[in-house]
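There are 2 protein chains.
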Amino acid sequence: MAKTKAPRRPRAETPKGFRDYFGAEVTARKAMLDTIARVYHRYGFDPLETSAVETVEALGKFLPDVDRPNAGVFAWQEGEEDGRGDWLALRYDLTAPLARVAAQYRNDLPSPYRRYAMGPVWRNEKPGPGRFRQFYQCDADTVGSGSVAADAEICAMLADVFEALGLAGDYVVRINNRKVLNGVMEVAGILDPSNPEKFAHERGIVLRAIDKLDRLGADGVRALLGEGRRDESGDFTKGAGLSETRAEVVLAFVAARRDTGAETARVLRGLVGGSKIGMDGVDELEEIAALLDAQGYGPDRIIIDPSVVRGLGYYTGPVYEAELTFEILDDKGRKRQFGSVAGGGRYDDLVKRFTGQAVPATGVSIGVDRLLAALAARGQAQEAAQGPVVVTVMDRTRMADYQAMASDLRRAGIRAEVYLGNPKNFGNQLKYADKRGAPVAIIQGEDEAARGVVQIKDLVLGAKIAENATLEEWKARPAQQEVAREDLVGAVQRILDGPT
Amino acid sequence: MAKTKAPRRPRAETPKGFRDYFGAEVTARKAMLDTIARVYHRYGFDPLETSAVETVEALGKFLPDVDRPNAGVFAWQEGEEDGRGDWLALRYDLTAPLARVAAQYRNDLPSPYRRYAMGPVWRNEKPGPGRFRQFYQCDADTVGSGSVAADAEICAMLADVFEALGLAGDYVVRINNRKVLNGVMEVAGILDPSNPEKFAHERGIVLRAIDKLDRLGADGVRALLGEGRRDESGDFTKGAGLSETRAEVVLAFVAARRDTGAETARVLRGLVGGSKIGMDGVDELEEIAALLDAQGYGPDRIIIDPSVVRGLGYYTGPVYEAELTFEILDDKGRKRQFGSVAGGGRYDDLVKRFTGQAVPATGVSIGVDRLLAALAARGQAQEAAQGPVVVTVMDRTRMADYQAMASDLRRAGIRAEVYLGNPKNFGNQLKYADKRGAPVAIIQGEDEAARGVVQIKDLVLGAKIAENATLEEWKARPAQQEVAREDLVGAVQRILDGPT
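Residue numbers (the numbering used here), protein chains in the order written: chain A, 5 to 504; chain B, 5 to 504.
Just so you know, the hints here were simulated from the structure itself, not pulled from any lab data.
Remember, it's a predicted structure, so these values are computed and weren't measured experimentally.
Don't be surprised by glycine CBs; every beta carbon is placed ideally from N, CA and C.
Please note: incorrect hints may appear among the correct ones.
[Unchecked claim] With a straight-line cut-off of 25 Å between C-alpha atoms, the simulated PhoX-like cross-links for lysine-lysine are:
#, chain 1, residue 1, chain 2, residue 2
1, B, 428, B, 439
2, B, 242, A, 20
3, A, 428, B, 356
4, B, 356, A, 439
5, A, 242, A, 216
[Unchecked claim] Chain A residues, not near chain B, derived (Cβ > 10 Å throughout):
#, residue
6, 154
7, 270
8, 340
9, 344
10, 436
11, 447
12, 499
Isolated chain A (complex conformation) (with noise of 0.2 Å):
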């Protein structure tokens, strides 16, 4: 750039796909962390907080997401002289990073490993509305257990997590196991463990078929695992092409849901048939059914429902998936379900990348923003985090006095601060003590100064009163009062303790 040309200012602006969170938003997701970490902790498990920076070879290039393969990382190339640095990576999840974790300290961790990590995950995708490239994960995951009464114990703590949050009654979790469907594929037929890549294929296929339960019903479903659909507008999506009886098989076993884990296992047990797989399958699920009855925990809370997807081509066994089941309005003001909010499952081959050898694990993710919504559309969400108490200043060489105010009142534990902007005009003061959301405002002239007392003015109520009130009303300004410079944070302690 040649010296004469000024500089083009660079532009105030979040990178695409990011956010910032501001004041009551930032505290709202700190509550809810907190009372997650809580549940947390008191089942056993201890936190864990890696780097965001891992090498992209212990991370591994992409998501093992089967429905988002273009999906990626955000990388670089450490610059070493040599130009052959380590390429790096921000982390996508926080299970990749446990991986290595179990892996590099194996020798020095406990075993089982229960672990839980919040934080943010970073993902190079295309940003759209309410999709951002940088969001947090609460996980909590147990390696070294190969029982299934380690995934019972997480859905019981995702419930327990869900009653902290004041959610009871309106959460399910629920549980399926992909071996039952591997069961159901192997007796469908449609199995070829001869030939993984058309398996993985096809399984691809009819995992994306079943998913979509949701939306287009059993019909929808049926034909892409038939022929194919063509949709209101005409596109037409190839199917997996399996038989009708075939479809049916797998159908009936999405729809295997009974209002019981038991009566649910024994249809699935009817299914799976002569499926090995499928049969270890089931007795996972009612062993789990059994663990969590045991604890109370009733299919009103935690129920068997094999119509669960998520996840089945990543899993290994049991995966388990919480949705809020109250109703929100979407945005053409339709009624739906709130809808999934956690998910997770048996993932056994993690590890094994680092090591070489199997080490079962199990866990699941809470979706923190998601949530939060949730708790944001029932008006459940923290109330914003209240304005301090505002001492204005009317003469500016006394500032040492409104510090003191101000010091005083926060000494007694209330959140106060001076105003520090130009205190010139009075009425940006209180125009300032507004935006803030202050509940008070204090002030003090010449004159109170010299008469050893301060205005206490409610901003509470002078908005009440000033809503409806006339104008002589307005001007009589009850919310004002006079007190004391001794008695100041007394009268403020009342003010705040209301009722106004």
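Add chain B to chain A, keeping to what the hints say.
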């Protein structure tokens, strides 16, 4: 890679310069951040959480720290289809994102805007022992106030933070002012405002010399201000080339600290004599001292000290630094003061980069990891989180009973878990409980189940006995008691309530 070649296993390694935090390391930091946030909140500061990623353009490419011009950021280019995507980078501090936010939302934010932020930042530097490329910062800044009352407030808040952390009597906040040094340089004839490049260069040499006062003493600094200094190893550092008289003025400035702010201001006033900017600086220091005095922050807690240099090159007015005054033993077993754990000051030009308008701002950054190390060195670190009660598994067909025991304990608020490893070897279960720091283990075999009782093993007491007990005493296992199954929770609670 040829298909026949087995793929190399990825290394399970934290990237160079990064680290993992386990258990109590995570909770101790969280407890500290929570305490700091409470103080910041009480002062009317609002939380802000920006994303980890910023555009390089918004961030500025390098750290604004003259001492480390090579310090860099982790950056990468967005993969736009036209190959000209934005350059993005991880934030290297919390101030640059604040400047971007203050510019971006300038019409919506209250003014002045008090905000706090806490979270990791990243530096692309050569890692070293104890020097990591990701670390926590915890900042509070006031944007939009030119009043030194804002600086005084942040110093008072910093003192309150240390008190809240239990460090009363063990810290001092030291305040200096960049304008006073400018005045001193003007008076000493060092400053040549007509040649900004020469000025910046020479100021840098003088600042670096002053900054070595602690280590080299007055004579060492005098040499560095003059011709230069040869150290013990024979290496020669070129000096600033000041005449002796001029060097003495600088040294007198550095040594101007007296017992009270008022006295120090008097000394400084003598030194900056005819310099307008110098006198302004002294006025500001006096005002800050008076404000703090009025709120009861005496020179034992906050003191005007012209030897504070840190960041003087970067800041535009008051600068402040907090240090811990207790002694610790260094690596070589020598006593030394723990030193600086927080610093900040006024930087009126940061927002101007974006908008062209100068916006006054002042703020502090607490070095969270150093402060944690200080608390640990003092033995004031939070104790390791207590391990969970471990319910052992004697009979794997009765897993539901064991889960129900853990569940009962949790409902009473007691951290508890069932052993989920292979239960075959009971010794392994007790080793696991030990590794988990479990205070209590629960045991129920076939016999106990038949009789409706459980064995409760007090592991803390057991360890104490094992330390100095005879074999007979140890065998008698007085640390183990049998209670009825329905008394499990009460009996465990009594052990946890201790004293054992």
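Comparing the hints with the structure gives:
1. B:428 - B:439: Within the cut-off at roughly 18 Å; holds.
2. B:242 - A:20: Violated, at about 48 Å.
3. A:428 - B:356: holds (24 Å)
4. B:356 - A:439: At roughly 24 Å apart (the allowed maximum being 25 Å), residue 439 of chain A and residue 356 of chain B satisfy the hint.
5. A:242 - A:216: holds (14 Å)
6. 154: Non-interface label fails for residue 154 of chain A: nearest chain B Cβ at 5 Å, not farther than 10 Å.
7. 270: Non-interface label stands for residue 270 of chain A: nearest chain B Cβ at 20 Å, farther than 10 Å.
8. 340: Fine: 30 Å to the nearest Cβ keeps residue 340 of chain A off the interface.
9. 344: holds (24 Å)
10. 436: violated (6 Å)
11. 447: holds (17 Å)
12. 499: Label holds. Min Cβ-Cβ 17 Å, cutoff 10 Å.
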